[in-house]
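Chains as they are written, first to last, in my numbering: chain H, 1 to 515; chain Y, 1001 to 1250.
Calculated directly from the structure, the hints in this document are not laboratory data.
One or more hints might be untrue.
Stated by the list, open to error - Cross-link-like lysine to any residue pairs, in silico, SDA-like; alpha carbons within 20 Å at most:
hint : chain 1 : residue 1 : chain 2 : residue 2
1    : Y       : K1101     : H       : R425
2    : Y       : K1178     : Y       : L1120
3    : Y       : K1076     : H       : P421
As the list claims (entries may be wrong) - Under 7 Å between C-beta atoms, here's a sample of chain H residues computed to sit facing chain Y:
hint : residue
4    : S414
5    : L418
6    : G419
7    : P421
Note that CB positions come from ideal geometry on N, CA and C, so glycine has one too.
What follows is the residue order along each chain.
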Amino acid sequence: MKQNKVRPLGLLLCTVFLLIRCVPCLANPTLNVGSKRFTETHILGEILTQLAQTQGGVSAEHHAELGNTGIVFQALKSGEIDVYPEYTGTISQELLKDKSPVDMATMNAQLAPLGLSAGVPLGFNDTYALAMRKDQADKLGIKNISDLVQHQNLKFGLSPEFIGRADGWPGVRSAYGLTQAQPNGVDHGLAYEAIAQGQIDVMDIYSTDSKISKYNLLVLNDDKHFFPAYDAVLLYRSDLPQRFPAAWASFQRLQGTINAELMVKMNAAAELNHVEIPEVAKNFIATAILKEKPDTTLQAQQPNFLHQLFGGDFWILTVQHLELTFGSLIVSIIIGIPLGIWCARNTLAAHFILGLVGLVQTIPSLALLAFLIAIVNRIGFLPAAIALSLYALLPIVRNTYTGLLDIPKSLRESAQALGLPASARLIQIELPLAKRSILAGIKTSAVINVGTATIAALIGAGGYGERIVQGYTLDDHLIMLSGAIPAAGLALLVQWAFDGLETLMVPKALRQKPS
Amino acid sequence: MISLNNVGKTYDKVVALHPTSLTVEPGGTTVLIGPSGCGKSTVLRLMIGLIVPDSGAIEIDGTALEISNVIQIRQKIGYVIQDGGLFPHLTSEQNIVLMAKYLGWSQSDIALRLTVLTELVRIPVDNLTRYPHELSGGQRQRIGLMRALFLDPQILLLDEPLGALDPVTRSELQTELKYIFAKLGKTVVLVTHDMGEAAYFGSEIVLMRDGKIVQSGTLTDLWKTPSEPFVKDFINAQRSPLEQLTEVGK
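Just chain H, same shape as in the assembly:
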């Protein structure tokens, strides 16, 4: 009978574990800094964080590369983060939906009802622009955006955000009367490779991108002055200066300290020379703010893969990844097994529930995450764990259902004929007989969860995905591998662990094909 006892200890431990995770948010106030999913705001976010820690004397946390504009802005509104680097053009055109160019005062008047403010211009304008390969542009005689009108066959590869933004493709197209076909959506990090290989001809760029010169691109002249100014500023919760006065004072010292040239240089240090971003930020603070020492470390560094793999945040990311994987798995088990039992008892419920959990699988992960962020009104662990739990439901529900249905009729009837009531039959006979199938479902979910958990990094929930996302935005394969390899390794470990668990928990007679 020993094998059949429920083990409440494991459940208890997991619950305690999850609780502990939530407690620190009740302790000392932490200044939360956010950044979007590209190198420049990652660097700026890191600078803010380090300034708050070293000059402001507060505990500060950087939620690096939280997501695109919408997700980071949502996080700021809900108070998950207190400040993040933003661009004036984006604030007016995209966040406030104001088509006319506005100054800071008007913008702040519009932001005030949201409890937000914009300020501290950093000193550079990172405008959107369109770029082409220099040799191709020269051959076709293209210098200005308006020259594109004569070249119908050019292939546009634009970032999805640019395609969707009012101050992006729709605006450029109507301002210049462009009639080219609908552009392809290409991620910003990949578009440089694509244009270098000739797969696309025109892409959108940020004027401070480090790769413009590396890939020998020509930035087309905005001859109709369509793109507004994208001056880098801080977008913050209006109560930030009162809550963290010292940190706020240190932020104000940033005003006008970063010109376009310096920003390009810092972007290049991170993207092309593989200097770690915290190092870039530290260097900036030392030289530009504290005027301590000459700039030396922004030179190219030879990346060391083993150092990269097990360095610094490895164990933190591992713990985050395990929390995401198993926290959500436990929830799926608690919900999925009863649902599976219900399906096995009721044909109508089976149609409905199996259809529904199957449908969840077809929702793209990014769409589901964005939807959940809107519902729970926060980013990070919670929406990511809910999404993973939803994805993990199908194998558990389905295997519980088929495991119960596959019990031979003679055994089900024997249990009935003995005079056991339904609940006792379920616990003593049916679930143990279906255990192998249920365990296989849980194993499938766990292994899938390990892989799917990497997308949680897109909304700031951490885990190995953080390295994959980082490597992807930096176009650095080694960083990407340093996240992908541990994730694959963990998936294998989980698989083996469950194989071992099956040997322990399922009696030998049931491990062969049931008769």
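Use these hints to put chain Y onto chain H, whose structure you have.
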């Protein structure tokens, strides 16, 4: 006593049992026999409430069998099926004592009853710690019988209990079962398709065909006053190997 009063059952327009009345007297062994699909197993499964009849009423020891009391009534009936119906994830002993444990019997009562039954069905004690797949067909059937008898029910229903056994084991178990039935004096209903087995066990034989009872009575009744030619045909259809020897002798 078990009585069926105009009990009928239909599955998807296929009649498994036409409205049938049958009374099983206490203490004896009644055998239900007939060709495959004649409805003999259906009758047995109706008696223990695995099937709910479309019409008619079933009474077990004077109590009408209903959804509300089916659990209690099942606990007063022992039920044995082909190959024992043992739960593969439990050892023999766990299978046997499952219900007693569920009903909260004391350890000593369980141990005592286990000893009595182990002696009754003559099974080596080491079989009790084994899992069903580690036992032979005959051993599994003995364990199944112990499980059915554990709560000391007044009624024992057996659905082709020896159907999957080799002839030697089968004959051995037939002898022992007959001895056990006689010793315990239970009301036994046994389903078989083997006329030899029916004749060996049955004080009362109920012959069925196409969901109806053709005739019931002792073997002598059936043989001497068959209600229709099928009765004699069915009895004659059982071929004895000795028949062949006489053929050769000619």
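Hints versus structure:
This hinted pair checks out: K1101 (chain Y) and R425 (chain H) have alpha carbons roughly 13 Å apart, not beyond 20 Å. Under the criterion of a C-alpha separation no larger than 20 Å, the hint pairing K1178 (chain Y) with L1120 (chain Y) is consistent with the structure, at around 12 Å. At most 20 Å may separate the alpha-carbon atoms for a hinted pair to count; K1076 (chain Y) and P421 (chain H) meet this at roughly 14 Å. With 7 Å as the threshold, the beta carbon of S414 (chain H) comes within range of chain Y, its nearest partner Cβ sitting at about 3 Å, so the hint holds.
The criterion of a C-beta within 7 Å of any C-beta in chain Y is met by L418 (chain H), whose closest approach is roughly 5 Å, and the hint holds. A distance limit of 7 Å between C-beta atoms decides the matter here; for G419 (chain H) the minimum to chain Y is near 4 Å, and the interface restraint holds. A least Cβ separation of about 6 Å between P421 (chain H) and chain Y falls short of the 7 Å threshold, and the interface hint therefore holds.
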